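Trainee: The lines below spell out each chain.
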Amino acid sequence: MAVAPEVAGATAASSSGPVIEVQDVHKAYGAVRAVDGVTFEVGRAEIFGLLGPNGAGKTTTMEMLEGLHAPDSGALRILGLDVTRQARAIKERIGVQLQTAALFPQLTVVELLDLFASFYQRRASTQGLLEALDLEEKRSAQSKTLSGGQRQRLSVALALVNDPEVVFLDEPTTGLDPAARRGLWDLILQLKGQGRTVLLTTHYLEEAEAICDRVAIMDHGKILDIGTSDELIGRRFTERAIQFDAIPALTDTIVASLPHVTKVTHENGSVLAYTPKVPETIAALLDSAQALGIEPDNLLVRRPTLEDVFLDLTGRALRD
Amino acid sequence: MRALRTLSIANLKSFTRDRAALFWTLAFPILFVILFGTIFSGGGTPSYTIGWVDQDQSAASGQLKSSLEGLPGLTLHLQSGTLDAEQADMRQGHLDGVLVIPAGFGAAATPAASPATGPGSSPGETRLTLYIDPSHNSTAAALQQVLQGVIDHVNLAIAGGSSVVGLDTQQVQTQELSNVSYFVPSILAMALMQLGIFASIPLVQQREKLILKRLNTTPLPRWTLVLSNVAVRLVLAALQTILIVAIGIQVLGVQLTNDWPRIVGVVALGAITFVSIGYVIASFARTEESANGMTSVVQFPLMFLSGIFFPLQIMPDWLRSVATVMPLTYLGDALRQVMVGGTPFVPLGVDVAVLGGWLLVCLGVSARFFRWQ
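Protein chains in written order, with numbering that gives the first Met the number 0: chain A, 0 to 319; chain B, 0 to 372.
Read the hints as simulated data drawn from the structure, not as lab findings.
All values derive from a computational prediction rather than experimental measurement.
Be aware that one or more of the hints could be misleading.
[Unchecked claim] Label pairs and their calculated CB-CB ranges:
1. A:Gly127 - B:Leu362: 38 to 44 Å
2. B:Leu362 - A:Asn53: 35 to 41 Å
3. B:Trp259 - A:Leu80: 49 to 55 Å
4. B:Trp259 - A:Arg87: 25 to 31 Å
5. A:Arg87 - B:Ala237: 28 to 34 Å
6. A:His25 - B:Leu226: 21 to 27 Å
[What the hints assert, rightly or not] Covered by chain B, according to a simulated footprint, are these stretches of chain A (three or more residues, beta-carbon under 8 Å):
7. 83-92
8. 95-108
Cβ coordinates follow ideal geometry from the N, Cα and C atoms, glycine included.
Use the sequences and the hints to build the structure in full.
Mentor: And the structure:
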């Protein structure tokens, strides 16, 4: 995959200061506080993820930045421009993909790309986008005939027709198969490589871990924590889990008595021993095994994931 | 401008690739024209009423009268019996024709008198006069044919085939439009009405599919979006007008005024006014289904209570007062005036003012209530 050559605009824009600024933004729909005091900043060429369950306020936050909803209070700025007052100027420079691919059903892929391109001053090469999003074969197909994954890719392509400096992707990989998802991750990383800033929402933890430079974890309209995934994990978890296939001879009592082990749990036929000092615990574990004349299978060290962070922050798993 | 052009082309393509939309907006009104045209240009059993003016008052004219009365489908109108009165009735559309039996008919058509005129020659020939309206071409032709048949019989019986009685025709321009002339502008009005209010459907579809929302994230100004929808509808309106007028002229023999500037103006005003009503529908319909329902709710009363299919003059009072508020009444009236020189219901200026008023009100309502997402 290759996206259009590096853009002039991405480098020419004001280089100082954050590209996206969200300051204490509130938005309520009736009694529901969809966004309840959200603050964050995104720097140039950063991939920033809003992570959270449905209804957390991710999409509302993103759509306020896209100029689709006005905030009740707070400030939103993109590229130093005020979102409500300088909407037109901002819209020239951002690319938007909505959660639901919104396409004219009777138009072909190329017609849609050309149509959207005609709304902007600057435009990326249609051919380049077709190639980058693997839509070359479908160029003359009406959008209603495309598969879910193809529609999703077209919708991303449409977000890039104006060679944008900032790209908003609302759950870009939802509905994609694993191969297509990885393809899109590569593309998003390329966008970053070209100096573009990407704000994406997702409820896939592995997606946030794989491609986001920083993540904001949202729930009930609030940001619970913000940082790189290492920071988010490190702030809460000082321990790692040593995992191996359960062996009857190696009882929980033995494992629990190993140096520095704080907790022993079981998961799908594996034993998990939590420890803040992995090398010492592992050495002791191997000694015990040797003494018993057994070999622990599938021995590995697991670090906590964003899933664990989310569980810790909200008391529930991200996916039901 | 580039955005307006590409968006209009995109909307037009979307429209032409949607078979259902294509059928209802273009094919359906044409089927309607052809259907009505066939019904009103004399399919089925014809029935004609002619004025009877007997200036001879002889036994022979009496006989002719009773034999004409015996013909199925022909009714003689015997009210006044004077040419002026019958012609006046015909001009008002009550009669299909007037037949005049000149004085001396009895003498010429009596067998006893026939030897005076030699066979084959016709110095004593007497000629009946049939007044017809050439714009009702099928009626005129049928009447002429029926009467010529009767006269041939008379000639055969009296003079062995030589002509003692002839038939002349005279043209009377009736003020009442022929049915077809009345219906062609009506159907164009109906088609423009449908084209306009059906503009709500793609709008609601585009909102439901979040296309309007997606467009709102681009720098495309909203007025361009609205203008493009209107432009597309105007193109379609032009296409409809050409098709309906062409069928009217070629197939149904309607005579047009050829006052194209005014025709184009009224068509455009009508199309835009009904598109604005379409926007009002799209302002209140949340889903495509409700938009479909609302277009029907608006469409059918407009179609049947607007005097586009029945002249307002023959409507009962209560119905006429309903029709008086319907915008389609005024579009139909305006189109009849500018296309075929129809009798005005109200002056053209009033038609235009009423349509313009509806347009402004609907624009105001849409501006207030239309939701983009």
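Trainee: Verify this for me: three or more residues of the region 95-108 of chain A with a beta carbon less than 8 Å from a beta carbon of chain B.
Mentor: holds (count 9)
Trainee: Is the gap between the beta carbons of B:Trp259 and A:Arg87 within 25 to 31 Å?
Mentor: 41 Å Cβ-Cβ, so the 25 to 31 Å window is violated.
Trainee: Determine whether the Cβ-Cβ distance between A:Arg87 and B:Ala237 falls within the hinted range of 28 to 34 Å.
Mentor: 33 Å Cβ-Cβ, so the 28 to 34 Å window holds.
Trainee: Look at the Cβ atoms of A:Gly127 and B:Leu362 and judge whether their distance stays inside 38 to 44 Å.
Mentor: Check passed, 42 Å falls within 38 to 44 Å.
Trainee: At the C-beta level, are B:Leu362 and A:Asn53 separated by a distance inside 35 to 41 Å?
Mentor: 39 Å, holds
Trainee: Does the Cβ-Cβ separation between B:Trp259 and A:Leu80 fall within 49 to 55 Å?
Mentor: Hint holds: Cβ distance 51 Å, inside 49 to 55 Å.
Trainee: Is the hinted range of 21 to 27 Å satisfied by the C-beta distance from A:His25 to B:Leu226?
Mentor: Violated, at about 36 Å.
Trainee: Verify the coverage statement for the region 83-92 of chain A against chain B, using a C-beta to C-beta distance below 8 Å and requiring 3 or more qualifying residues.
Mentor: It holds: at least three residues are needed, and the region 83-92 of chain A offers 3 whose Cβ sits within less than 8 Å of chain B.
Checked against the numbered hints given earlier, this structure breaks hints 4 and 6; the rest are met.
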